[in-house]
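Chemist: Residue-level listing of the chains:
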Amino acid sequence: MWGYLGRRVLSTIPVVLIVAVLIFLMLRLTPGDPAAVIAGDAATSADVAEVREKLGLSGSIFKQFFIWAGHALQGDFGESFFYKKSVASLIADRLEPTLALSVLTIILATLIAVPLGTIAAYRQGSWIDRGVMGLSVAGFSVPVFVIGYVLIYIFSLKLGWFPVQGYQRLADGFWGFLQRLILPSLALAIVFIALLARMTRTSVLEVLNEDYVRTARAKGLPNMKVLVFHALRNAAVPIVTVIGISIATLLGGVVVTESVFNIPGLGRLTVDAVLARDYPTVQAVILLFSLAYVLINLVIDVIYTVLDPRIRY
Amino acid sequence: MSFMSLAKRSALAAAVVAASVIALPAHAQQNTLKVVMHSDLKIVDPIWTTAYISRNYGYMVYDTLFAMDANNEIKPQMVDKYSVSADQLTWTFTLRDGLMWHDDKPVTAEDCVASIKRWAAKDSLGQKMNSFVKEWKAVDAKTFTATLNSPTGLVLLALGKPSSNVPFMMPKRIAETSPNEQIKEYVGSGPFVFKADEWKPGDKAVFVKFAKYKPRAEPASGLAGGKVAKVDRVEWRAIPDAQTAANALVAGEIDMVEDVKSELLPVLEKDPNVKMFNQNPLGNQYVMRFNALHKPFDNPKIRQAVFMALNQEDFLKAVHGDPKYYKLCNALFICGSPLATDKGMEGLLQSNFKKSREMLAEAKYDGTPVVLMHSTDLAVLTNLAPVAKSLLEKGGFKVDMQSMDWQSLVARRAKKDPPNAGGWNIFLTSWVAADVLNPVGTAFLNSSCDKALFGWPCDEKMEQLRDAFARETDPAKQKAIAEQVQLRYLEVPTHVHLGQWNKPVALRKNIDGLLAAPVPVFWNVEKK
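Chains as they are written, first to last, in my numbering: chain L, 1 to 313; chain R, 1001 to 1528.
Derived by calculation from the structure, the hints in this document are not laboratory data.
Some hints could be false.
[As the list claims (entries may be wrong)] In silico negatives: residues of chain L with every beta carbon more than 10 Å from chain R: (1) Ala20; (2) Gly32; (3) Ala39; (4) Phe65; (5) Ala218; (6) Asp308.
[Unchecked claim] Subject to a maximum C-alpha distance of 25 Å in a straight line, what follows is the list of computed PhoX-like cross-link-like pairs (lysine-lysine): (7) Lys1117/R <-> Lys84/L; (8) Lys1301/R <-> Lys54/L; (9) Lys1301/R <-> Lys1354/R.
Even for Gly, the Cβ is constructed at its ideal location relative to N, Cα and C.
Bound conformation, chain L alone:
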């Protein structure tokens, strides 16, 4: 197991390297020039060339890459072209909102979807099952920004229960922190609830027809015990996979929700940086995302062994 973990951690190095090269090249191949953006509307061609020189963009692409990679290896991701702040501090500022939103979303989604999916499987063909599956389809189909605006209209503008927008750091008070996260998490969780509920239902249904479940029932175990300790635990591997992938997706993919609820997270930082061609920021954020993907997958693999002792690496 430890050998496997060591190998997996080592395997992140080539993955991150390949991502670093790809993102570096793709950014340089994308139309757009940060120097022209920074120089402004009234800049002449000479002004733009001078800004390009100052930003270190006038050398060959190989030279630029090796300079950047050399600094990145020492943990220095450079300075944002625009904000003149270190990229590390920009990311650090944005990490908490994104992590908070992602964690609350996954908690909400898991707490709602797993029981719903399990009940739907247990009551297969009943109105509960049909209802859960119908709502799942609806959850998939309605875009998250529509859900967001509807939630804001009802719970913020009409009822006044929650703020329309914004984020409050945990250090500034738990209630304000939670109050501002509930609606965005709920809006975001709906898609994941739909996904997880369907996945849970399918997995539990498969397990419910297994011999060991029949045996457990034949032994006279209560239904709830059979469902939770025999069926759900054995159905958990694909559910954990979906939860893990969802966390990874949430870390980098909540830009729409962040925009609708005005949460200054990593998604918005990424989009702003891409639109402004802020190369150092984009490169660092994408590297962070790829690292997070690799690590989350590693954690999922470890959880497999806990849930199913037959799995060995």
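Following the hints, position chain R against chain L.
Modeler: Quick look at chain R alone, frame taken from chain L:
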């Protein structure tokens, strides 16, 4: 203790906590103005960049020697008095008493000289003005002089320039930073202090009242007069989603939205707690820019045909819909401003397609497709290019419209390559009216070939006229030259002016005192 009593106590405790959370910041909120600006603040050096958000930041933190008032007249601001010698070659400026930097040091003449030099190295109007200046010199702590080579009417026009780049005053040690490098200290002498420690790009920029600021005695007017900060704190909140910003305004979470999307204006106008204010009466001007380097627009006759094919209303309606948010205007230098004139515009911009086709035939237009760059991500520009394509095609042009985001367009417009090899022929953009009020300030009129802005028009006569305007000190004669400039612009077009637009800002009804000016400023604003 029974379960019920425990629950009641918990509920009571929660209510007390919630009430305290809500009650605590009430006083602070009364003195905090929360505003959603048109963009997030990214660059905090208003000399280094022309970005309007950085210019607006500049007006919060820095002060100016002169400023434009509500009647578009240049008035002294940091300057107490000034004089011009009889031969008009020596200008003497004396600073007001009591001017202080945010780090508690006094503002000196040396600081101002260094600031003017840094700004004049960067700004096109500053460069032009400085071409007449032999020397800037600090005479004593409060007095400095400009010695000229020859008289010019540009000194006050430039030092009182309202829009980017604005000649903001900075301490000497900061102003000595190269104009091509961003400053790293944010010390001004304006009515608000920038809280760099609270600045979170993408979230908020915070300013607090500068207690030691000494306002002028006159009432505030435009960008001039007494800059009295009436709120303790101003927060610029970055809310990129227009609908969310509007919702936050309706819910009272913010106090003002600077840039409201046209389609949201009717909704906000109906809200009982929201009011609209025409903050920038001069507004903005749409323009189509030609690339004079390449076919077909290397031929001025073909550029003239564009004036026949286009009309202003189709562009303005496509973006703003309601006529109360736009104005048809034949004047190149903005209707309602001192240099506005209709001269030479008879029969132009009326979509006379027949005449356009005739002119193209006379000019021997060979059907070369016109590469039109279409910006897709800025709401105030997105709908313009499709209108241009339609009108130009009706007028006899072949048009190849290529869509891209604004930043790609900005990068591409700097390229001199042929249009079919990554270059371009035309694109559309918008200027704040304050940037295009005269022939020298209007950057697109610069026709100095390689030294001109992207599009690179080359016209010696236009440059002579702009130079004559710069040398003239008599306003009546300046107006006459401006008319000649407009006529020359119609003969050898550098761009096409496509009308003025002007959207109101939306604010809560308890906000009072917002000033009408080319730039949104927050002194004089009260929260009742």
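Chemist: Are there hints from earlier that the structure breaks, and if so, what are their numbers?
Modeler: Of the numbered hints given earlier, those the structure breaks are 2, 3, 8, listed in rising order.
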